[in-house]
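Given the coordinates of chain A, work out where chain B should sit on it, guided by the hints.
Chains A and B are the protein sequences, given in the same order.
Using the numbering used here, read the first sequence as starting at 1 and increasing by one per residue.
Using the numbering used here, read the second sequence as starting at 1001 and increasing by one per residue.
Be aware that one or more of the hints could be misleading.
With the C-beta cut set under 7 Å, the calculated list includes, among others, these residues of chain B facing chain A [as the list claims (entries may be wrong)]:
no.	residue
1	Trp-1132
2	Leu-1227
3	Thr-1236
Just so you have them, the derived chain A footprint on chain B, three or more residues with Cβ under 8 Å [claimed, not checked]:
no.	region
4	1012-1025
5	1216-1224
By construction, these hints were calculated from the structure, which means they are not laboratory data.
Fair warning: this is a prediction, and the values are worked out from it, not measured in the lab.
Cβ coordinates follow ideal geometry from the N, Cα and C atoms, glycine included.
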Amino acid sequence: MIGRPDLFVLGRLLEAIASAPGPVRRTPLQQRAGLNYTVFQRYLDYLLRQGMVASSPAGDDLLELTPKGVEAYRFLADGLTRIFGPVDGAGRPIGERRA
Amino acid sequence: MVAPAPALEARRVEGVIADVRSILDGAKRVSRRSYWLSWFAWGFVFALYGGYFAMIYVFLAYPSLGTSLLAGTVTGGLAFTLISALAFLPCAAFLFASFYEIRQGRRDARRVLAGVGASSGAGPAEMGGTGWTPQVVEAQKLLSHAKSETEFSFLPLTLGMIGIGSIVGLAIAGQFGWTGLANLFGSYGIAGVLTAAIAYPLYRVAQGSVKSLQQRLDRQVQDVTELEEQFLARFTGSPA
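Bound-form chain A, shown alone (with noise of 0.2 Å):
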């Protein structure tokens, strides 16, 4: 059970379904996203609970994101960005940060 979860551990798994070419299965999912197993699960269900990820008509073992989920991602990365500043494509930070 997640009692307040993390923005970023939660942005960073919606990421990386986001950014997968396709369905994907949990353990590439693990790795795309960068978390130890634990937190990756405990996550994972919580996305599943709240219907932001859902099993792919492709197969069951195939994780993809919902619109909610792709509403979530995309309002994340807005805010994270607006708080942050913006970041080009290899994630680097684009021109100087607000003070």
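Here is chain B on its own, set in the frame of chain A:
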């Protein structure tokens, strides 16, 4: 039916995490600078007064040197210069090392604030599943400690500069031929002005480096907390 994933040009959240990590790295660097500043500052004041005592000892142990100096001979002058240089070399080294740490601390803080040097994403080994909160708590602790250590460093730096300033003040008072109370107040007044003119701006620079990172971190903590509340309310229906 599942909506298509948003077209991504960048892994934005991962990039932000790299930025967050750079603040923690910056806090560690600033903290390390404060630690060394503290050592160099105390080294400076001990080396300064040690130098004074060394000079006094040499002139007491070798009275002929004092005689030559007072007689205004070349030998006396050269000997005095050489002995002074040797006696105060450690003090000068510590003082320059202190200035270096203050300057580098300011540079490190500016680089973090400008987003320079952020790594292009934290790998699994670095993240290990930890998110924002542990890193912020650690960064805040480091910065708070760095602030205290920097403040503590300015006691020896100020004492040392008063020591140097008093010599300069006495020399100036001697030039103007001030005697008695005029000499006393004049020379120490000059020492105080010199100390304030050098030590206070340095203090502001050193504290400014730490404070700027602290302010940025505090503002980001506030913004992230608000974002968290909005996210939870909108997507999970649970109260913030």
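Next on the checklist: Are any of the numbered hints broken by this structure? If so, which, sorted upward?
Outcome noted: Checked against the structure, no hint fails, so every one of them is satisfied.
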